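Sequence order for the protein chains is A and B.
According to our numbering, the residues represented by the first sequence are 24 to 421, in order.
According to our numbering, the residues represented by the second sequence are 24 to 421, in order.
Treat the hints with caution; some may be incorrect.
Said to hold, decoys possible - Taking lysine-lysine pairs in the DSSO-like style, the calculated list, with each CA pair at most 27 Å apart, reads:
1. A:56 / A:72
2. A:56 / B:143
3. B:331 / B:378
4. A:201 / B:378
5. A:143 / B:378
6. B:72 / B:56
7. B:56 / B:378
8. B:143 / B:155
9. A:143 / A:155
10. B:56 / A:143
11. B:331 / A:331
12. A:56 / A:378
13. A:378 / B:331
14. B:143 / A:331
15. B:331 / A:201
16. A:143 / B:143
17. A:143 / A:72
18. A:378 / B:143
Keep in mind that the hints were calculated from the coordinates and are not lab data.
Nothing here was measured: the structure is a model prediction, and the numbers come from that model.
There are 2 protein chains.
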Amino acid sequence: MNRRHLLRSGAALGGLLAMPLRASLRPEDLIGKSKWDLDTPALCVDLDKLERNLAAVHTRLDGTGVGVRPHVKTHKCPALARMQMEAGALGVCAAKLTESEVMLENGVPEVLMTGVNVTKRKIAHAMELRRKHPGFIQAVDNETNARDLQDAAAALGIVADVVVDVDVFGRSGAPAGKPALRLAQQVDRSPNLELRGILAYDGPSQHVHGHAARKARTLEAMAPVVETRELMDAAGLNLGIFSGAGTGTYDMMDTLPGFTDVQVGSYLFMDCQYLDIGGADNDEVYEDFESSLTVLATVINANSPQEKLITDAGSKALTLNQPPARVIGEPGFVYAARSDEYGIVTVADASRDYKVGDVLELIVPHCDPAVNLYDVIFGIRGDRVESILPVLARGKSQ
Amino acid sequence: MNRRHLLRSGAALGGLLAMPLRASLRPEDLIGKSKWDLDTPALCVDLDKLERNLAAVHTRLDGTGVGVRPHVKTHKCPALARMQMEAGALGVCAAKLTESEVMLENGVPEVLMTGVNVTKRKIAHAMELRRKHPGFIQAVDNETNARDLQDAAAALGIVADVVVDVDVFGRSGAPAGKPALRLAQQVDRSPNLELRGILAYDGPSQHVHGHAARKARTLEAMAPVVETRELMDAAGLNLGIFSGAGTGTYDMMDTLPGFTDVQVGSYLFMDCQYLDIGGADNDEVYEDFESSLTVLATVINANSPQEKLITDAGSKALTLNQPPARVIGEPGFVYAARSDEYGIVTVADASRDYKVGDVLELIVPHCDPAVNLYDVIFGIRGDRVESILPVLARGKSQ
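All chains should be modelled from the sequences, with the hints used to inform the complete structure.
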């Protein structure tokens, strides 16, 4: 059949996948242009704010003994990971194997993969990656998987770097205490695995409202991990890495014995979810980092402009995450991205009259999955496009 | 600065953007393989079911006088749009300009863009597209925009095909009645615009539970549009197109005078949202079309397999849409994709024991935004990969 033949044709497919971006997205056309002239929806990062965020986390942690290992699942962008390394990161974290690969293949030398690889296919792929890139570190959270990693590393004749993921809230990791200890000992005994330490991410604490409440909760959640680390230490295991925490808890970990680095991701961009958690100095708004990431959206229908504006940025441009996107400069706007293709703004109060064609600038609800919708981020300085950042690991959820 | 130089480098960027898919995604490696060996999360379509869905909508509408103009925002895949044309579609709909462009540039001859282009940049781009592709039809929903379209078409020396979008539920479109009539007359008088008819999409009715309730609601919602069409008809306007409806209401439009075609999208794939609306023959489950689209996910943690399984498919693989993904063959599983990178399955009852490495097959909550997360859809026949369908318009939300 003609149709099946078309679908099967490898040659045709290769040609289609290599199709260049259309003319208007070529950097030479857009560099130097005003951001207000970009085709929308457009994902933008304010480079001044980004650079201040990049520096702020190091300034804040300077002298605490806690290092920074940023999580690239937030931006999926090797150019930003390289900036993080230049700013003083120990390495980066990645969530998935294909995401790790994109980083390692694009100039990011140190990648700790926080997820596990459990299938034969993925383990083989991970070991090939480790053979090529000595800076690749893998997580493990069960004994069968540790045996599989050992076998695959032995088959390739390599020694692979491994951290044990310790469970904090029942999502990933080996149970704290003896199970995690036994697993670390197993890794330590495995001739083709090199135990580098542990990983323990406390997800639920990141968005607890209020700095003091957040600190109390994460220290309590991490207590079993600290005890587990002490068991491992007493057993003479290597604990060069004790990695955890995120943008909500990065400044609370220096009291944990042996803690080495924070896996901050959102600090670079910020989003509505993190703005709402409150900080040490301001209980209502988290001000440690600036909102550098925005989406530009255009008003496409204004039949009742005093009540409602329709834009071209719906859930395919912003995701369904809550709280809703915030329109910069318009606290009286409530933005709904429930519709796939349309944004619906309920207008309680407006600073000016809006009409079709006007552009709104939005802070995104949750940065990680929003960035994952776009092929490029426009780097903006002032109001001008200075750079175009390809989101090379976009869609790399394998 | 070194870093800025790197980001600015157009040459380096071109190279990165053209980076080929990694070896394991090359079709020659995967064609003929079992779907259960695919790297996960993987988006799959069962080709037998897809082909039956493709035929079913035509069979059902045969003899009613209502045609089919499928909406490609669902699949964003020119190969599937070409199959829809071969199956007898009058043309396809697309939501956005870049999506329309990908279709027209990849062998889909007739594209009706249901969204509007309101900025200078987009209007110029749309007119260039119309000059190149005579099968491109644009929507308009306000008088200023109609003037801008006329000016841009005149500047290029072309006549552009236009439909008037008539508002049904306050999201897009000109108000029904005299405003829509005046707009259609304005288009009709514009020397460089060709009025082709009207468009009226009734979004909220698509997911009303129960066939009878759905029909009553959509006929009521469409009544002002029908009256508007009569005004236009009396004014001697061309109404060759009267397009609307979707997968939930495709079989209810033949009583509307002059109605020409349904903009079905989800019928090809189905999803949990549509399964729940109920059909004419079964009030609980909508059975007009089969669930052809699935995501494969791997169990990556099973510390408490009687209560909970963790998978590698979270919101970046499934979106946050509700109702939750359904695990095929396991009605006792409740799937939560709230976490960006992880799926969390609450196990009330299981048909068998599950362990790390097992693969689950999921019906997605809402097909359109889920497909928009993936670069390719694997075409599956039986359990084997038969074809790889590039989602070429993925991320084309501009």
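Among all the numbered hints in the text so far, which are the ones the structure does not match? The structure breaks hints 11, 13, 16 and 17; every other hint is satisfied.
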